[in-house]
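Novice: Chains as they are written, first to last, in the working numbering: chain A, 1 to 261; chain B, 1001 to 1237.
For the record, the hints were derived by calculation from the structure and aren't laboratory data. Treat the hints with care, as some may be off.
FRET-style restraints, in silico, Cβ to Cβ [unchecked claim]: (1) A:Glu192 with B:Ala1011: 16 to 22 Å; (2) B:Phe1022 with A:Leu82: 27 to 33 Å; (3) A:Arg205 with B:Val1201: 54 to 60 Å; (4) A:Leu61 with B:Leu1034: 40 to 46 Å; (5) B:Gly1208 with A:Gln25: 19 to 25 Å; (6) A:Leu82 with B:Arg1018: 37 to 43 Å; (7) A:Lys135 with B:Phe1022: 29 to 35 Å.
Here are some chain B residues pointing at chain A (derived, C-beta under 10 Å) [to be verified]: (8) Ala1061; (9) Tyr1103; (10) Glu1105; (11) Arg1110; (12) Thr1111; (13) Asn1113; (14) Ile1117.
Keeping only pairs whose Cα atoms sit at most 27 Å apart, straight-line, the calculated DSSO-like set for lysine-lysine is [what the hints assert, rightly or not]: (15) A:Lys9 with A:Lys140; (16) A:Lys140 with B:Lys1215; (17) A:Lys29 with A:Lys9; (18) A:Lys228 with A:Lys29; (19) B:Lys1175 with B:Lys1020; (20) A:Lys116 with B:Lys1215.
Glycine included, C-beta positions come from ideal geometry on N, C-alpha and C.
The residues making up each chain are set out below.
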Amino acid sequence: MNAPPANQKGVALTVRGLRKSFNGQEVLKGLDFDVRPGETFVIMGPSGSGKTVLLKHLIGLEEPDAGEILLEGQPIQSPEVLAKYRMAMVFQSGALLNSLTVGENVGLYLSEHRLKPPEEIARIVAQNLELVGLKGTEDKMPSDLSGGMKKRVAIARALVIEPQLILYDEPTSELDPLSAVVIGEEIVNLQERIHVTSLVVSHDRDLAFGVADRIAVINEGRILAIGKPEEVRNHKDPLIQQFLHANFNKEALKSGVHLKQ
Amino acid sequence: MVLFWRTLLAAPVAWRDRNKVFEQFFEIGNASLLMVCILSFFIGGVMALQTGPVLVERGLASAVGGVVGISICKELAPVMMSILIAGRIGSAMAAEIGSMRVYQEIDALRTMNINPIHYLVVPRITAISVALPLLVVFAILVGWLGGIFVCMANNRIEISFQGFVSGLQEVVQMKDVANGVFKSFVFAIIIGVVSCHQGLVTRGGPRGIGRSVTKAVVNSIVLIVIFDYVLTRILLT
């Protein structure tokens, strides 16, 4: 793999007519959107709307039935693109390798591809763990970490790749509000520091409006709206308004006024 | 077959990743050596107990060593040890890889451009295909010892150490031991490929992992028995 120049800016991502079905059920129904270089683009929508399936297509873990995904204008699945551009993904669960220590997890990309000598890898690992506020945790096992710490380790692992496109799958799910804020800050800091293109998939409204340059709202495999956070917030679509303003209301529940009504 | 072929093509990676191979090798050895000793000692003992009195009654005491020796090295040690390893190591391989699959660790490897076959499958199959034949050599020796012990201790057989060994030397040749070791090498590849494949195709949560483990062990044992017949047929000609 070719190493990109230091501080290389993020890459443009284009999705055209993306369709995917599982067992005859269409999950993605022709998605079209562009993510600009260096932008933080958030895709939000309710659970089961197709967000994670979309993300798996973007990272090449799923093959689309129709449509194309382009990175800097070239198909994302082509070996040239995979060799030329670096992508990383932060999984919802962190997806750390449980048999490896935190340090080994973070340095895995470098050690497996033999890109640096062990001492250099150890230095880079320490540096990236410090960046996510986990200095000195190299020798811990993933099972010793909290959910928030696992996600920060996953971010550190992604950073080691020096990605030009980083994908986050529900980065704040299962986290307490304070840890969620820390993760959100990491996403913003990262974008400012290395100008990476970030695509965040989340149903966390606070995170989405806090970190996004632009937001797309997806529901049942279709994009309902794309725009700057304010544009999405003021969008007239009732489904979007319902999603953005859904709150548990004990009084309304008692008086029989339910969310669906 | 596809996984076997892809593993074969990636075999040179095993040397590059020899640390991972050694790690797996020692894990297999550590997990199995004691069980191999116990199992093969008693298999040798049972063989002597079953055949010894019958042969002695018919005045064929000198044949006991040969019968026990050749059964152990050509059939019982390779097959029984392979079944033990399928249960002990194959299940662990399927469970480990299956849980990595379910908890997206394999997806994470792919996103880092790390081939899961190179990273997970090749070291395991390489390690088991070296470890199992070695364990079988060990099992053959311990099995013979079990046979000797029972022959000496049981008053219905009462064959001396020398008597057993000379009978064994008369019948068992080096090629018979090699025959058993070769069989175990083939069985090791079967266990490795079947177990890793079941791990890689795991779907669902903990239940899916359980299903993969069961399938890995059952399929391995069925294939071991079928291939045992096929190999025996080929090696006899």
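Novice: Hint numbers the structure violates, sorted upward?
Specialist: 1, 3, 6, 8, 14, 15, 16, 17, 19, 20
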